[in-house]
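> Chain by chain, the residues run as shown.
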Amino acid sequence: MVRSDVQLMLDAKAGDEASFDFLLQKYRSPLVNFLYRMVRDTATAEDLAQEVFLRIYRARKQYTPSAKFTTWLFRIATNVALNSVRDNRYDKLAVSLDAPVDDENSAPRELPAREMRIDEHMIERDRTEFIQRAIASLPEKQRVAVLLHKYEEMDYGEIARILDCSESALKSLLFRAYETLRVQLAPLVTQPVERRAGEGRPS
Amino acid sequence: MKCEDVSKELIAYLDHRASPAERRKVEEHLGGCAACRTRVDEFRKIWTVMDEVPAIEPSFGFDARVRQRVAAEPRRRWFSGFVPAPRVVFAAGLLIALGVWVARLPLSDPGAPPTVAAIQQQDFNAIKDLGVLENYDVVTKMDALSELAPATTPQPDKPQPEEPSSND
Chain A
27 MVRSDVQLML DAKAGDEASF DFLLQKYRSP LVNFLYRMVR DTATAEDLAQ EVFLRIYRAR
87 KQYTPSAKFT TWLFRIATNV ALNSVRDNRY DKLAVSLDAP VDDENSAPRE LPAREMRIDE
147 HMIERDRTEF IQRAIASLPE KQRVAVLLHK YEEMDYGEIA RILDCSESAL KSLLFRAYET
207 LRVQLAPLVT QPVERRAGEG RPS
Chain B
11 MKCEDVSKEL IAYLDHRASP AERRKVEEHL GGCAACRTRV DEFRKIWTVM DEVPAIEPSF
71 GFDARVRQRV AAEPRRRWFS GFVPAPRVVF AAGLLIALGV WVARLPLSDP GAPPTVAAIQ
131 QQDFNAIKDL GVLENYDVVT KMDALSELAP ATTPQPDKPQ PEEPSSND
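Residue numbers (the numbering used here), protein chains in the order written: chain A, 27 to 229; chain B, 11 to 178.
Just so you know, these hints were derived from the structure itself, not from any lab.
Some hints here could point you the wrong way.
[What the hints assert, rightly or not] Here are the computed lysine-lysine pairs in the DSS-like style, where the Cα-Cα straight-line distance is at most 30 Å: (1) B:LYS18 / B:LYS35; (2) B:LYS18 / A:LYS94; (3) A:LYS52 / A:LYS39; (4) B:LYS55 / B:LYS12; (5) B:LYS55 / A:LYS167; (6) B:LYS138 / A:LYS167; (7) B:LYS35 / A:LYS167; (8) B:LYS12 / A:LYS167; (9) B:LYS18 / B:LYS55.
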């Protein structure tokens, strides 16, 4: 008989270590990938994934099946990842336009010139890096929404619960995020994958 | 219908999660709006581009490290259910200290019967001036002063004691 995630977690709560191990096996890959796309560093993503599983383990005695297990798991993962990004500033290019300006007298923020970044990345022929940087440059909430929607293929209700917003607000959030990415990634759409080898700058 | 009115449903329309009513609304708009048709087409294309980001696999020792950290967690013992949380211990200690402090406060109930020590003090006060009362000269002078009292003006710094209504 296949046990649901909630049942596995309830069994782990009752002291069954094998159930916790089963959940670890099932979600290790999606969790590490989500965290990798958030922090863009493999070793950090694995460290954070360990931290998430440890938090799940510590909280098992207080677990109540009020929501889907994945909602709980990715909510913890989102908090851990955002704290890590804020603390360590892994990505200097991840400028949030929604974030308040700390010092009014400081120089205005300069967004990296898109042409320059495209140029650099086309020279390096690294489309993947360019896509990841475009996603990382989104404001935090939009970034999480896009990663959960596009790569984890979660439904709107679950993403909304993870981000603690309404489904309607989430749809607006996703539209704004994909609008930004539509502009940011436009050069990659007009520059198909087949052409990148052997060619330098986009025409 | 304006583009802004339909924009919120565009993503749900594209990933086939929109309701039939929402789909109809979007399709009606797309039929008459070239800009939104282009936008939808470009959304589809960037989703294809985003698929180029490869998935990674956790490293070989990932599970072992998680298990190691889990094993290092302190285990719950059979008596751990009886051990109160630190905040409960703190609150109980605070209550006990408060109880001891209140219990040590002196009683000041006016209706309470006098203690042996209080009675002894009253007796002492009564006999303390006995020597003065036995001195005849002092007593007669005090009587003479009491006769003069109504004629003299009362001293402002020495308030006159109230005279009892009946003379015993």
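> Taking only the CA atoms, is the gap from B:LYS18 to B:LYS35 under or equal to 30 Å?
holds (12 Å)
> Holds or violated: B:LYS18 and A:LYS94, Cα atoms, limit 30 Å.
Holds: B:LYS18 and A:LYS94 sit about 26 Å apart, inside 30 Å.
> Given the hint that B:LYS138 pairs with A:LYS167, does the C-alpha gap stay at or below 30 Å?
violated (89 Å)
> Does the structure keep B:LYS35 and A:LYS167 at a Cα separation of 30 Å or less?
Measuring from Cα to Cα gives roughly 28 Å; hence the hint holds.
> Quickly compare the C-alpha distance for B:LYS18 and B:LYS55 to 30 Å and report which way the hint goes.
Roughly 19 Å between the alpha carbons, so the hint for B:LYS18 and B:LYS55 holds.
> For the pair we were handed, B:LYS12 and A:LYS167, check the Cα-Cα distance against 30 Å.
holds (26 Å)
> Are the Cα atoms of A:LYS52 and A:LYS39 separated by 30 Å or less?
Roughly 17 Å between the alpha carbons, so the hint for A:LYS52 and A:LYS39 holds.
> Has the given pair, B:LYS55 with B:LYS12, been kept, meaning a C-alpha gap of at most 30 Å?
The given pair, whose Cα atoms are some 24 Å apart, holds under the 30 Å limit.
> Taken at face value, is the distance from the CA of A:LYS167 to the CA of B:LYS55 at most 30 Å?
holds (23 Å)
In summary, the one numbered hint that this structure violates is 6.
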